[in-house]
Amino acid sequence: DSGVTQTPKHLITATGQRVTLRCSPRSGDLSVYWYQQSLDQGLQFLIQYYNGEERAKGNILERFSAQQFPDLHSELNLSSLELGDSALYFCASSVDSSGMQRLYEQYFGPGTRLTVT
Amino acid sequence: DAKTTQPTSMDCAEGRAANLPCNHSTISGNEYVYWYRQIHSQGPQYIIHGLKNNETNEMASLIITEDRKSSTLILPHATLRDTAVYYCIVRVGETSGSRLTFGEGTQLTVNP
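Residue numbers (our numbering), protein chains in the order written: chain V, 133 to 249; chain C, 532 to 643.
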């Protein structure tokens, strides 16, 4: 158990719909990351938040957005869903202390499997 | 980021050591080597990281060559539960964004 929780575990929805994925980081971790894993693209970084602020962006579609709340949990919003958005979505968190190398010591949640039909 | 090259797949007998190689010939002096693994459809799991010295923890050992152009992850006594895709990632320690870039990795299969 990594200490990172994600809900829901599975999500099935139709094209054109909007969903929200939720992530709670490990206690004390300030950085939250979102990754997408599809069969043809592998694990892809989407976005990072640090203490409520966006820190880095990857290949995140404009239809996707995220935020990190004051209690440090994060939500990933996916809208106007397409069949190609079907994937596993992982959240990860890391410490953000004086040891910068530890930013890459990321702890992943179990993921949310999104199926768009 | 430095590019890494790993074999696509490897097999190992249960109870034997699994040695997973990674080439990173363009690594810079301040770049760390990180290893993660992903057991089928689970979230990736951090294993170990190092800069230039060999490292060991409860999961594995990391051997980095003196020129730092390659490294080997060693699982000393592989079990069936170690069957997973193993990723070698090279990153600079920085605060302005700390994404992990996953390549194809090595599919390690531990056989009974």
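It is worth saying that the hints were derived from the structure and are not from the lab. Even for Gly, the Cβ is constructed at its ideal location relative to N, Cα and C. Please note: incorrect hints may appear among the correct ones.
Unchecked claim - Covered by chain C, according to a simulated footprint, are these stretches of chain V (three or more residues, beta-carbon under 8 Å):
1) 180-191
2) 208-217
What the hints assert, rightly or not - Partial selection, computed: residues in chain C whose CB lies under 7 Å from chain V:
3) 543
4) 546
5) 547
6) 577
7) 581
8) 584
9) 630
10) 633
To see whether the hints hold, each was checked on the structure:
| no. | hint | in the structure |
| --- | --- | --- |
| 1 | 180-191 | holds (count 4) |
| 2 | 208-217 | violated (count 0) |
| 3 | 543 | violated, 23 Å |
| 4 | 546 | violated, 26 Å |
| 5 | 547 | violated, 28 Å |
| 6 | 577 | holds, 5 Å |
| 7 | 581 | violated, 9 Å |
| 8 | 584 | violated, 13 Å |
| 9 | 630 | holds, 4 Å |
| 10 | 633 | holds, 4 Å |
The structure is inconsistent with the numbered hints 2, 3, 4, 5, 7 and 8, although it conforms to all the rest.
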